[in-house]
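S.K.: What follows is each chain in one-letter form.
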Amino acid sequence: MKKRMYVLLSILLVVSLSLMGCNSGASTAEGGSSSDGKTKTINFVHWRGEDNEAFSHLIKKFEEKNPGIKVQMNIYSSNSYQSKIQPTLLSGKGADVFASFPGSRFSVLQKAGAYEDLSDQEFLNSFSENLLKAGQVDGKQLAVPFQLVYNQPVYNKGIFEELGLTPPDDWKGFLELCETLKKNGYIPLLWSGDISAGQFINPMVMNNQPTADALARIEKGEVKLTDEWFVKTLSQIKTLNDNGYLQENPLGTKKAGAASMLAQEKGAMLAHGSYIMATVKQQNPDIKLGLLAPITVPKDKAKYLGIHTATFMLGINKNSKYKEAAAKFIEFLTQPENASYYAKKTGQLLTLKEVEYDSPALKESAKWVEKETLFQPRYMITVPEVEQAIVTAVDDVIMGMDPEEAAKKAQEEVNRAIK
Amino acid sequence: MQLNNSAGTVKGKSSPFYSSKIRRKKLKVNWALFMFVLPGFLVYSVFFAGPTIAALVLSFTDWNGIAAELNFIGFSNYIELFTNDPIFYQSLTNNLKFTVSVLAFQTVLSLVFAIMLVKNTKANVFYRSIFFFPTVVASVSIAFTWNFMYDPNIGVINNTLSAIGLENLTQSWLGNPDIAIYSIAFIQFWMHTGQMLIIFVAGLHSIPKELYEAASIEGAGKWHTFRYVTWPLLAPSATIVVAYTTIQSFKAFDLIIATTNGGPSYATEILSLLLYHEAFNNFRFGYSSAISVIFMIIIAVITIVQFRILKSNDVKY
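Heads up: the sequence lines are chains A and B, in that order.
For the first sequence, the working numbering begins at 1 and goes up steadily by one.
For the second sequence, the working numbering begins at 1001 and goes up steadily by one.
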């Protein structure tokens, strides 16, 4: 009798512990109705921890205006974001409004049917039409890109003014610019081994590639990385390195180190994008920064002047119970007053039309909205291995590999990925 | 019929049949005790055995991490891995370079430091704490700090070398594909030497002093005392240090992802990083599972071999 009691108590203990574990997990992860049955709680999931304060303020304001809706914000780190958002969306719980990266990562979620169609939403009118394309598939608007980034070198306007230089409009001019900067003791183009290859390849191919979607056609086997235009692009990057226009040992420098060198005015350009301007400004408030892109062809053959990326793409989970409340929240974020607050607080340029910017860095970036820029070619690739092969090819030529050999190696990786 | 008795046909008290029956009876009587191991068994099943079996099953599929159904593709992932993936072999080579260099330096130097700091004086305790300190710091924080130190232009290592006239030794520590993996191995070794030192110190303290006295009376010098007394009796500690260092180095992940993320051009890609990249960058969870199965087999084989070699050196006294 006593032994039976032990057995029963042990089973009870294990079952209780298991149930306690299940219960605590569920209460934090899921949204749902409150005890009064009227308040709906929607989950807003994204990766930008640095925007926590701005979003918290906006959420508070949203909840005041919409008493029946509560917003639970969950921030995952950007490195593990994709791995966490996938199962969250798959479960149908824990994410009503969610952010996603453009390109291959958006493509994976889209193929899994994670997005609700937003084509009929009125808030689409608040966006610059050409910037919405990143979230469109087969004519449907599945996500709305909220932020706008220019993926082209940032330059120190003060150094350019001191030396009487202006951003060049052809490749010959770009090489002359680098030479002048080098002769005057500046590192012409700062490079970081972790970021620059993936960024700089975009403006380098924008005018070299035969069509605007050439990188996207690589994964279909229609275009090869061994084609003349890609080998030429790699050769041009190699020329910059061989001529000493990048700092010594560029691949060993990391993002933070390269940004510090630009802030310390050791270098004149940094092969990153507009997103780095606020960081550099923080380190050196007096620095005047601008954006430029290397034009790799003669002036009359240049189709594009720069590269843009519409990112932080907001979507609604197709499995959400509260799609209407989720749409209301996105609509609230797109209102000019709220978007302007977000832009000011976070230093981000937005894809929305009526946003007021007051910081010099944002005003400088905003000038590019009117220019002819191409959506980041790298993000048109939907097969991640193809994207990686291209970035690795850039690293390879900087390490001294012959451009043709690097292109051949990259194409072999592509062949393996798309077979 | 003695034979029949031993075969258990006769119910004599000394027969194996009798004793095995008694044992079975005892187990039945104490059945409730199994409930005490149940929580541990459940934790092991859910967090270890379950994922291992899941990885094995997934390795035969082309699952992308999202699809609701599993599509079985037989041994295709394994065939691709061994016949058509040069990055797998590069990662394996990098793993060996990394593990061997960390193992050699970490084991030898932690033993040397342990012998130097074995006495429990105030200074030694202080130094042991200093050596141990990097172990308790998050490896990602350490990686960021070393990223700055290794920076070829503004990093303290190259600047110090230049300042003392050794400019020709300056390097792109994380950017040069020939040395990047060793640069990270050095960080790993720097982080964990203090930890291994503590294990060796504990091992040294467990050796009876009488053995040293006997060796001294026999006229043994320092080297012979170490060779024939200290080292054989340190075998249990060395087994732990070597096995732990090997597994830890093979599984090194956070440090590498935070320093180079496998670059430049896969020069620091190791198996743990490769399977992560295949799963979470390339969305090839099936392929990634195949890598993890191979990875698991490699670690298991190395660990078993190490234990056998080191166990054979074990001395009982």
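Among the hints, erroneous ones may be present.
What the hints assert, rightly or not - If you want the footprint, here are the derived chain A segments under chain B, 3+ residues with CB under 8 angstroms:
| no. | region |
| --- | --- |
| 1 | 162 to 171 |
| 2 | 249 to 261 |
| 3 | 384 to 390 |
Unchecked claim - Under 7 angstroms between C-beta atoms, here's a sample of chain B residues computed to sit facing chain A:
| no. | residue |
| --- | --- |
| 4 | THR1145 |
| 5 | ASN1147 |
| 6 | TRP1173 |
None of these hints come from the bench; they were simulated from the model.
Since this is a predicted model, take the numbers as computed values, not measurements.
Quick reminder that beta carbons are idealized off the backbone N, C-alpha and C, glycines included.
S.K.: The structure should be examined with respect to each hint, and the outcome stated for every one.
M.R.: A quick look at each hint next to the structure:
1. 162 to 171: As far as the region 162 to 171 of chain A goes, the hint is violated, because 0 residues have Cβ atoms under 8 angstroms from chain B.
2. 249 to 261: holds (count 10)
3. 384 to 390: With 3 residues in contact (Cβ-Cβ under 8 angstroms with chain B), the coverage given for the region 384 to 390 of chain A holds.
4. THR1145: violated, 11 angstroms
5. ASN1147: holds, 5 angstroms
6. TRP1173: Holds. Min distance 6 angstroms.
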